[in-house]
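Enquirer: Listed here are the chains, written in short residue letters.
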Amino acid sequence: MNLDIRTEELERGTLLYIGGEIDAYTASQLREALLPLTEKKGANVVVDLSNVNYIDSTGLGIFIGALKSAESHESYLKLTGLNERVKRLFSITGLDEVMDIEEEEEAQ
Amino acid sequence: MEKEVIDHIEMKLPARAEYVGVARLTVSGIASRAGYSYDDIEDLKVAVAEACTNVVDHAYKHDGFMGLFCDLYEDKIEIVVSDRGQSFHFEDIKRGLGPIDAEKPIEDLKEGGLGLFLIDSLMDEVEINGETGVAIVMTKFLQRDGREPDVNGIPTKNAQKQQ
Numbered sequence: 001m002n003l004d005i006r007t008e009e010l011e012r013g014t015l016l017y018i019g020g021e022i023d024a025y026t027a028s029q030l031r032e033a034l035l036p037l038t039e040k041k042g043a044n045v046v047v048d049l050s051n052v053n054y055i056d057s058t059g060l061g062i063f064i065g066a067l068k069s070a071e072s073h074e075s076y077l078k079l080t081g082l083n084e085r086v087k088r089l090f091s092i093t094g095l096d097e098v099m100d101i102e103e104e105e106e107a108q
Numbered sequence: 001m002e003k004e005v006i007d008h009i010e011m012k013l014p015a016r017a018e019y020v021g022v023a024r025l026t027v028s029g030i031a032s033r034a035g036y037s038y039d040d041i042e043d044l045k046v047a048v049a050e051a052c053t054n055v056v057d058h059a060y061k062h063d064g065f066m067g068l069f070c071d072l073y074e075d076k077i078e079i080v081v082s083d084r085g086q087s088f089h090f091e092d093i094k095r096g097l098g099p100i101d102a103e104k105p106i107e108d109l110k111e112g113g114l115g116l117f118l119i120d121s122l123m124d125e126v127e128i129n130g131e132t133g134v135a136i137v138m139t140k141f142l143q144r145d146g147r148e149p150d151v152n153g154i155p156t157k158n159a160q161k162q163q
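Read top to bottom, the protein sequences are chains A and B. Residue numbers for the first sequence, in the numbering used here: 1 to 108. Residue numbers for the second sequence, in the numbering used here: 1 to 163.
Hints listed in this document are in silico derivations from the structure and should not be mistaken for laboratory results. Since we're looking at a predicted model, the values are computed, not measured. Some hints could be false.
[Claimed, not checked] Calculated Cβ distances over 12 Å to all of chain A for the following chain B residues:
{"#": "1", "residue": "R16"}
{"#": "2", "residue": "E18"}
{"#": "3", "residue": "Y19"}
{"#": "4", "residue": "S32"}
{"#": "5", "residue": "D43"}
{"#": "6", "residue": "V46"}
{"#": "7", "residue": "T53"}
{"#": "8", "residue": "P105"}
{"#": "9", "residue": "E107"}
{"#": "10", "residue": "F117"}
{"#": "11", "residue": "V126"}
[Stated by the list, open to error] Pairs of lysine-lysine residues, derived as BS3-like cross-links and limited to a Cα-Cα distance of at most 27 Å, are as follows:
{"#": "12", "chain 1": "B", "residue 1": "K76", "chain 2": "A", "residue 2": "K68"}
{"#": "13", "chain 1": "B", "residue 1": "K76", "chain 2": "A", "residue 2": "K40"}
{"#": "14", "chain 1": "B", "residue 1": "K12", "chain 2": "B", "residue 2": "K76"}
{"#": "15", "chain 1": "A", "residue 1": "K40", "chain 2": "B", "residue 2": "K12"}
Glycine is no exception: its CB is placed at the ideal position from the N, C-alpha and C atoms.
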């Protein structure tokens with residue numbers, strides 16, 4: 001039931017790989033991994049969600065919090081690798097309008 | 001005339017975050033058995049998880065339980081998630097319900113409050129009953145080729161007529 005979390009250092013910032021299901025139980029793990037990264041001034045934080053097959057409002061809330069944190073710390077947050085389902089929830093809630101979400105051709 | 005319930009399933013779960021996934025997977029199994037499409041099952045999973053998360057977050061000061069009730073009909077599934085904790089004022093919450101407004105500055109965005117909006121978006125009918133505790137009643141129709149619910153989400157007249 002835990003998230004699979006890995007980080008990779010980029011030249012200026014961090015690539016955060018998340019895998020698993022982001023819900024009420026696991027959302028705090030995402031918050032703990034993601035929030036500190038956005039608190040470094042000028043940091044470039046890319047979150048790869050290719051292996052996330054489920055997300056709900058608790059997970060979306062973490063990304064809203066991270067976006068706010070990035071805004072106030074002058075860092076930069078970007079999401080990538082969203083599958084159709086995950087992308088759908090971002091667009092129903094309108095979050096895709098305020099977040100930088102990288103569109104990419106279907107991998108695999 | 002209400003159509004008959006084909007099957008009724010109920011569960012009582014501890015109102016804790018680690019059980020939200022259990023409720024979600026249970027509903028996924030039931031909906032899959034009932035013939036729902038992949039996308040509809042995913043919608044049901046999110047809606048049920050949102051309702052359960054709501055119970056976990058708001059209903060109890062201390063440990064309590066959440067109830068999950070599923071009624072399967074020929075053409076729909078009705079799911080009730082209930083608790084016996086503090087009821088909340090749905091009307092107040094409903095006023096603030098909606099997607100994110102991209103016009104607003106980022107610092108004004110709220111981390112919470114998207115759950116009920118998602119339930120409303122993903123299910124065909126949603127009702128909240130809140131006398132002693134809260135029960136969220138959510139309905140999703142089973143889509144079959146050439147036989148969809150009409151625009152009001154009500155089963156077709158012919159189907160209702162029998163009895």
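Enquirer: Using Cβ atoms and 12 Å as the threshold, tell me whether P105 (chain B) really stays out of contact range of chain A.
Expert: violated (9 Å)
Enquirer: If I take the minimum Cβ distance from Y19 (chain B) to any residue of chain A, is it greater than 12 Å?
Expert: Contrary to the label, Y19 (chain B) does not stay out of reach of chain A, its closest Cβ about 8 Å off (not over 12 Å).
Enquirer: Within a Cα-Cα threshold of 27 Å, do K76 (chain B) and K68 (chain A) meet the stated pairing?
Expert: Violated. K76 (chain B) to K68 (chain A) sits at ~40 Å, over the 27 Å cutoff.
Enquirer: Confirm or reject: V46 (chain B) is not an interface residue toward chain A, with every Cβ-Cβ distance exceeding 12 Å.
Expert: violated (5 Å)
Enquirer: For E107 (chain B), is the shortest CB-to-CB distance to chain A above 12 Å, so the non-interface label stands?
Expert: violated (6 Å)
Enquirer: Is the claim that V126 (chain B) lies outside the interface with chain A correct, judged by CB distances over 12 Å?
Expert: holds (15 Å)
Enquirer: For T53 (chain B), is the shortest beta carbon distance to chain A beyond 12 Å?
Expert: Answer for T53 (chain B): violated, closest chain A Cβ roughly 4 Å.
Enquirer: If I take the minimum Cβ distance from S32 (chain B) to any residue of chain A, is it greater than 12 Å?
Expert: holds (15 Å)
Enquirer: Taking the minimum C-beta separation from D43 (chain B) to chain A, is that value above 12 Å?
Expert: At about 9 Å from chain A, D43 (chain B) fails to clear the 12 Å cut-off, so the statement is violated.
Enquirer: Looking at R16 (chain B) again, its CB stays over 12 Å from all of chain A?
Expert: It is violated; R16 (chain B) is separated from chain A by about 8 Å at its closest Cβ, not greater than 12 Å.
Enquirer: Check the hint pairing K12 (chain B) with K76 (chain B) against an upper bound of 27 Å on the C-alpha distance.
Expert: Distance of about 22 Å is within 27 Å: holds.
Enquirer: With d taken as the least Cβ-Cβ distance between E18 (chain B) and chain A, does d exceed 12 Å?
Expert: violated (5 Å)
Of the numbered hints given earlier, the model fails hints 1, 2, 3, 5, 6, 7, 8, 9, 10, 12, 13 and 15; all others are met.
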